[in-house]
Amino acid sequence: MDTDQLIRSLAADNAHRAPRVGAVLTMALLVAAPLSILIFATFLGVRADVMSAMHNPFFDMKFAVTLSLAIPAIIVSLHLSRPEALMRGWGWLLLLPVGLLAVAIGSETMMAPAMPMTMRLMGKNSRVCLLAIPAMSLPLLAGALFGLRHGAPSHPALAGALAGLLSAGLAATLYASHCTDDSPLFVATWYTLATALVAAIGAYAGSRVLRY
Amino acid sequence: MRGREDEWTGLMRSAMAGDDAAYHRLLRAVTPVLRAAARRGLARAGQPPDQAEDIVQEILLAVHLKRHTWDSEAPFAPWLFAIARNKLIDTLRRRGRRVFVNIDDFAETLPGEVPEETASAGEVATQLSTLPQRQRDVLQSIAVDSTSIKDTAAKFSMSEGAVRVALHRGLAALTAKLRDH
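Sequence order for the protein chains is W and U.
With positions in the first sequence counted from 1, the corresponding number in the numbering used here is that position plus 118.
With positions in the second sequence counted from 1, the corresponding number in the numbering used here is that position plus 1291.
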């Protein structure tokens, strides 16, 4: 087939309209979310003392941190789904959760905490955390990759890592309502490790499935 | 250069608004520029230029199937060149070459050095033959025989809607095969 002929067939298909990447990503995440929620409801559930925990600012802070990862990661991943997009000017969005955590750790230190630092850092749930966040992330990660496949990222591994970050951020938001460790030191250590794992899986998967 | 790129942006806006003729004109206008850049990229990688047309066709298919990622407020050329660069890198990588692709290969093309001919490429034709019968028939009819969608529908006793679906699926399948082969 010569190129003029190919062009003719493309022009004939001009009427076909694809949905925006954001719409496909939203749909895919909405389809995947019930699976993650099912894992949460089956194995974890909301912690028993949630009503009193809500008065603890460090409990609330966990959601601020996880959502400040998930929402910017969604925004940046959509940005990167355009072929000419660069990270420049967008990367700082991903530092939001880091900044929040730093502020939280600082304020906890100043408040003369009840437990020694190592106990706060190690907590009681580190192993569950490392397992639960990736497990609940996986359905969301699959959805995110499906949605981003609709785009045209020039850096598939980077876009895949962003898919990992956004799914880990969403999964960690669920997990935060289960976990009784509220110290920002615990969050900064174990949530971060779990998130890094999911981001690595996402980068690897992205490099394979996000090429267009 | 500036004028040319503004014209492309205008054509793409019209195309997205449903003007098939503008879209046809745009694709024809960018093809020689893509071809010259692909040749230059291949030459730089020490590859023979005879694969240039395969790359051009892959770029055109990607442009077509990913055009919803173009922001109609943004200029068209940077978007186009990003896709073109990506496809050139992919092709060179598949052939196991170390890749040095300069974005300027695409941006710097001067109108004078643009070859005007159309050329056929092997890869699309090869993959075309592996498509399901119906998609292949429809693509052949529209692309090669230059038959309209309406007449193609009559020829194969299909509805126009079915022809459109087969055409789009055929193009999407072709692109996937080119990417994965």
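Just so you know, these hints were derived from the structure itself, not from any lab.
The model shown is predicted, which means the values in this text are computed figures rather than measured ones.
One or more of the hints may lead you astray.
Claimed, not checked - Pairwise CB distance ranges (calculated):
id : chain 1 : residue 1 : chain 2 : residue 2 : range
1  : U       : R1385     : W       : R165      : 48 to 56 Å
2  : U       : E1364     : W       : V221      : 33 to 41 Å
3  : W       : A166      : U       : R1385     : 52 to 60 Å
As the list claims (entries may be wrong) - Stretches of chain W that chain U covers, calculated by requiring three or more beta carbons in the stretch to come under 8 Å of a beta carbon on chain U:
id : stretch
4  : 125-131
5  : 198-206
Think of the CB as a built atom: it goes at the ideal place given N, C-alpha and C, for glycine as much as any other residue.
Here is how each hint holds up against the structure:
1. In this structure the supplied range 48 to 56 Å holds for R1385(U) paired with R165(W), their Cβ-Cβ distance being about 52 Å.
2. Between E1364(U) and V221(W) the C-beta distance comes to about 36 Å, which sits within the given range of 33 to 41 Å.
3. Evaluation of the 52 to 60 Å hint for A166(W) and R1385(U) yields a pass: the beta carbon distance comes to about 56 Å.
4. Evaluation of the coverage hint for the stretch 125-131 of chain W: fulfilled, as 7 residues show C-beta separations to chain U shorter than 8 Å, against a requirement of three.
5. Counting residues of the stretch 198-206 of chain W whose C-beta sits closer than 8 Å to any C-beta of chain U gives 4, which meets the bar of three, so the coverage hint holds.
Comparing the model with each earlier hint shows no violations; every hint is respected.
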